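The sequence shown maps to residues 1089 to 1504 in the working numbering.
Wrong hints could be hidden among the right ones.
Calculated cross-link-like contacts (lysine-lysine; reagent style DSS-like; alpha-carbon spacing at most 30 Å) [as the list claims (entries may be wrong)]: (1) Lys1261 / Lys1233; (2) Lys1233 / Lys1277; (3) Lys1277 / Lys1261.
Hints listed in this document are in silico derivations from the structure and should not be mistaken for laboratory results.
Because the structure is a prediction, the values reported are computed rather than measured.
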Amino acid sequence: MKLTFGGMGRRFVEAIAAIMILAAASATVAASLMVVEGARNALNGAIHQDRPDIIHVKSRFNRALFETPRSGNLPPLTIPVYEPLIDPADLEHAAGSNRVIRRQSLFRNVVSGDGFLNIYVFGIDPDVEREVSRFELASGRFLRKDDRAAAVLDQVSARTLGVDVGATFPIRKADGGDLELTVIGIFDKLELRGAPPRSAEAPSLNPEATDVSSGAFVNIQTSEDIFGRPTLTDALVIARSTSDVPSLVAKLQEAFRLEPGIFVTERYSQYERKVRDFVLTLAVFTAVSVATVLLAGTFAANLLHDIYVDRRKQYATLITLGFPPAVGIAPAVVFGLVLGAAGSAIGSVVAILFVPRSFAIPSLMADLGTTQPALDLMVVGSIVAIGIAAVIVGFAPTGRRLLRHALATSLSEGRS
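Could you put the whole structure together from the sequences, leaning on the hints where they help?
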């Protein structure tokens, strides 16, 4: 024991200094990487929220929606929210192999006496619509592709209509007849991506929303029966990748260039402008981490190297006494790992205590909300790797000398 650890007091100050430097480096790197990870999480959330890979194709807004009657005794009326100008065959051809989510957005208006009852009706493809919109059922089930004359409503609309699961309500078709829709499910929450603007009074899950946040959802085949035609009012096109969006937008615009009432909108350009500045901000934090590792890590490795050089004679003596080389240098390795672990642990604690729980990164993407620094396996692994790397670099010259050079040389060395 004395042979292994004797004389350590003379290098005790250097060992403490190495721990402090590793702690400072670990704290800086941990804080920077926590910010980077938190920012990446925010970026992934922005991708999920903005969906820059989605292109919205819609017709011009139907002005008749503003003129729906509010009083009197008039027969029910069903009109499209957007003018039905989109030919599904042309849209499919222009979209190519990219996925198309078809929609028919309708509006049902019933006027009786001094009251009126409005409700939005959306014809959707249930299998693909759930990939881009959010639906949470309170009771019943969601639509299936083979459902006909079936509807799923939100709670507010169901309460206004006075229906529950299993009940029916009529909707006026384009030919003047009524179609009885059977309620098979009721929504607790719904978020329809690319919902039309709320331009008429109707039941709403979110009264403060400017877009439609409620309505009855039916299969696209059922809405075609109601509407009397397959023409779409709007649709979503999902690009295979975000990089394909500009070229896909150009194809869609070219396909409908002769129809001035069809508009192609995308969020990719706005998303790219915001993300570009955001990525530059993350690059600053990453550069700080790399610079800290190179400078502080090198300094700590030099201190460890001085400690190991001073103790070469003790390690060589252990090997000369018959201990295997691995056992002879084991105390040096353990000592270095303890120093590295101590520095990494102290730095991690400091980073966790002093890094803000949340803050807004000064970038164009700051409008997406605050960034919450995250401590995950990547951050922990990076901190541990810093300590291990410093130990390896510091011990490498001594270990190589003990294992590859004559022991007499190491034994004859004085303190250096």
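Check: Does Lys1233 pair with Lys1277 here, judged by a C-alpha cut-off of 30 Å?
Finding: holds, 21 Å
Check: Taken at face value, is the distance from the CA of Lys1261 to the CA of Lys1277 at most 30 Å?
Finding: Measuring from Cα to Cα gives roughly 28 Å; hence the hint holds.
Notebook entry, point to check: Would the pair Lys1261 and Lys1233 pass a check requiring their Cα atoms to be no farther apart than 30 Å?
Noted result: holds, 21 Å
Hint violations for this structure: none, all hints satisfied.
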